[in-house]
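A.B. asks: Given next are the chains, with one letter for each unit.
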Amino acid sequence: MASPITNYQCPACTGPLHFSESTGRLECDYCGSSFTVEEVEALFAEKNEKARISAEAEQAETSSRDESWDMGMEENGWGADAEGMKAYTCPSCGAELICDETTAATSCPYCGNPTILPGQFAGGKKPDLIIPFKLDKAAAIAALKKHYRKKPLLPRAFAAANHIQEIQGIYVPFWLFDATVDANVHFKATISHEHTTAKEIITETDHFNVFREGSVSMSRVPVDGSSKMPDAHMDAIEPFDYSGLVPFSLGYLPGFLADKYDVTMEECAKRADLRCQNTAVEEMRKTVVGYQTCTVCQKSFKMHRGEVKYALLPVWMLHTKWNGKDFLFAMNGQTGKLIGDLPISWGKFCGLVGGIFLAAFILLCMFGF
Amino acid sequence: MKKRIAAFWLLLCILVFSLTVPAIAASDDSEAELDYVTDIAGILTDEELDTLESEAASISAAYACSTYILVLDNYRLYTDSDSTFNFCMETYEKYNLGWGADKDGILLMLSKANRDYYLIIHGDGAGYAFTEGGRDQMQDRFLTYFGRDDYYGGFRKYLSECRSCLQAAAEGKPIDPFTKKDMEKLVFFCLAPSLLLAAVVGYLLYRPMRTAVKQSSAGSYIVPGSTELRQRADQFSHRTVRRRPRQSDSEGSSGRSYDSSGSYSGSGGKF
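One line per chain: the protein sequences are F and E, in this order. First residue of the first sequence? That's 6 in this note's numbering, and the numbers climb one at a time after it. First residue of the second sequence? That's 15 in this note's numbering, and the numbers climb one at a time after it.
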């Protein structure tokens with residue numbers, strides 16, 4: 006039976022191939038050969054198809070076995086721990102790889118070979134598009150160091166002693182939604198005038214009911230389809246440059262982790278709808294001009310939902326530990342935007358803010374009191 | 015020669031007399047054209063008036079600082095100015111009030127109809143005795159009487175406070191407590207701006223430490239030129255008017271005033 010794993014090997018020396026961010030080609034570390042994604046895809050098309058069929062056959066076999074026989078897995082095996090996990094054999098060194106059932110690309114922890122699990126995309130929607138990695142690991146590390154700079158509240162020990170525990174280039178599954186929103190928005194707006202008489206200061210405020218009806222179209226609003234990825238991190242590294250989107254190919258995956266979506270398009274659509282609606286309100290608000298205050302008091306929407314694409318987008322995830330706490334950073338693998346919450350030295354915070362307060366208070370007391 | 019000597023002595027005597035008479039005349043407040051206590055509004059009985067007058071005279075003589083009370087129906091009937099400070103200053107000048115050459119004195123003016131009061135101080139000696147803190151404390155104390163229309167009680171309190179201030183000044187320790195007004199000033203002009211500045215700086219320092227934030231909108235993904243406004247309506251609903259009393263130009267936010275020469279200072283308000 007064919008292995009459900011594809012290991013892209015160099016046609017020249019059989020060494021492992023990995024995708025290079027700088028050249029956009031698959032390169033061999035051993036003989037230095039490089040190939041385009043299309044060339045490698047053509048070479049390994051047959052192997053991938055076999056891997057997919059093998060995966061489906063294995064799945065079918067497992068299903069029929071489960072229906073026919075009670076294997077007593079819960080008593081003898083991994084029980085609940087085995088749920089959501091899959092085991093593969095590395096075609097390079099023979100080691101057993103235990104992966105999350107959504108993992109579509111990984112590396113063998115024993116021999117380091119980049120490994121593709123094309124069968125993972127079987128039975129689910131295959132990604133339509135992918136943005137290949139443009140920035141490498143070194144860029145991610147440099148961006149993290151830059152992220153530490155000019156942060157007076159960052160504990161000195163964190164920046165000095167910080168060692169990145171883990172750094173992974175991950176193709177994160179995203180749903181990209183097209184939508185047009187028809188919005189009806191009612192605002193309350195005011196204009197105030199002040200004039201003075203000999204005895205009084207009179208403030209006259211004119212109140213207005215403002216109504217706007219219009220529509221806004223949005224293209225490829227991204228919502229991450231991986232429950233493992235924190236939404237805040239994935240949102241904060243936006244936007245991606247969609248001019249870099251290309252049709253999906255397994256050839257882009259070697260050397261990186263890749264996940265299959267585990268949050269359905271229907272679930273993600275709720276967040277996309279909300280973001281589109283908020284954007285429509287913001288656009289209508291921009292047309293309310295000439296007022297001093299403006300607040301939304303009523304809004305209604307009609308969504309015209311368009312095409313939804315499934316795409317893998319490149320993200321570098323960096324993980325570090327400090328004082329027993331985990332700190333997770335994410336960098337857009339295309340644009341280099343890096344985000345992540347940093348630890349705060351509350352002693353420094355109190356010192357700086359308290360110092361500024363005291364200095365300002367003393368100066369004001371000296372000159373104004 | 016004898017005639018010349020006699021003429022010289024005569025000239026010297028005239029010179030000395032001409033110099034000493036004004037000095038003698040200015041050594042008290044006998045030139046003032048108002049009593050210490052003047053009640054045009056008629057809110058005090060004769061007996062009360064006499065008591066207050068003798069008390070004020072006693073204080074004035076004891077500390078060489080004239081202490082006046084002026085009660086009017088409505089001060090606006092006597093002046094074109096809207097400012098109580100200007101009116102008190104005019105009155106002080108017009109009636110030649112104050113003790114000695116420096117015209118040291120304190121005048122409490124009360125305008126009954128519009129419930130205005132004003133306390134004006136003139137002269138370096140009075141300025142030394144009646145500090146801003148001392149005046150604020152004095153006002154807080156006598157205003158509680160005026161607030162309940164106990165004018166006689168209020169004036170008695172005013173005079174006793176004047177005596178205390180002058181006595182303290184005579185001992186070289188003028189009363190200058192940290193008053194409620196000082197506290198308000200400290201809070202509004204020093205504490206609040208300092209706190210605000212510290213909060214803004216704190217936020218600016220904190221903000222870049224928290225960059226993993228969920229997006230609530232999708233402005234980056236708007237199709238260029240797709241925003242279409244189909245209907246717009248801006249309808250006037252109603253007007254609201256808010257009126258606040260205006261402080262006169264010569265009064266600061268604390269209600270304190272100073273004239274341009276610096277010889278007068280005062281504070282007042284409503285009771």
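Each hint should be verified, as a subset may be incorrect.
Claimed, not checked - One side only, chain E facing chain F, incomplete, derived with CB under 8 Å:
#: 1; residue: 188
#: 2; residue: 192
#: 3; residue: 193
#: 4; residue: 205
#: 5; residue: 207
#: 6; residue: 226
#: 7; residue: 228
#: 8; residue: 232
#: 9; residue: 234
#: 10; residue: 242
#: 11; residue: 244
#: 12; residue: 250
#: 13; residue: 253
#: 14; residue: 254
#: 15; residue: 259
#: 16; residue: 260
I should point out that these hints are in silico values taken from the structure, not numbers from a laboratory. Source: prediction; values computed, not measured. Each residue gets a CB set at the ideal place from its N, CA and C atoms; glycine is no exception.
A.B. asks: Confirm or reject each hint.
C.D. replies: Right, here's what the structure says about each hint:
1. 188: Check failed: Cβ of residue 188 (chain E) comes no nearer than 19 Å to chain F, outside 8 Å.
2. 192: With Cβ-Cβ at 11 Å, over 8 Å, it is violated.
3. 193: Result: violated, 13 Å to nearest chain F Cβ.
4. 205: Holds - the Cβ of residue 205 (chain E) comes within 8 Å of chain F, reaching about 7 Å at its closest.
5. 207: 6 Å, holds
6. 226: 4 Å, holds
7. 228: Check passed: Cβ of residue 228 (chain E) comes within 5 Å of chain F, closer than 8 Å.
8. 232: 4 Å, holds
9. 234: Holds, because the Cβ-Cβ distance from residue 234 (chain E) to chain F comes to roughly 4 Å (cut-off 8 Å).
10. 242: 5 Å, holds
11. 244: Constraint on residue 244 (chain E) satisfied, holds at 5 Å.
12. 250: 6 Å, holds
13. 253: It holds, given that the least Cβ distance between residue 253 (chain E) and chain F is near 5 Å, below 8 Å.
14. 254: Because about 5 Å separates residue 254 (chain E) from the closest Cβ in chain F, which is inside the 8 Å limit, the hint holds.
15. 259: 6 Å, holds
16. 260: 5 Å, holds
Hint violations for this structure: numbers 1, 2, 3, all remaining hints satisfied.
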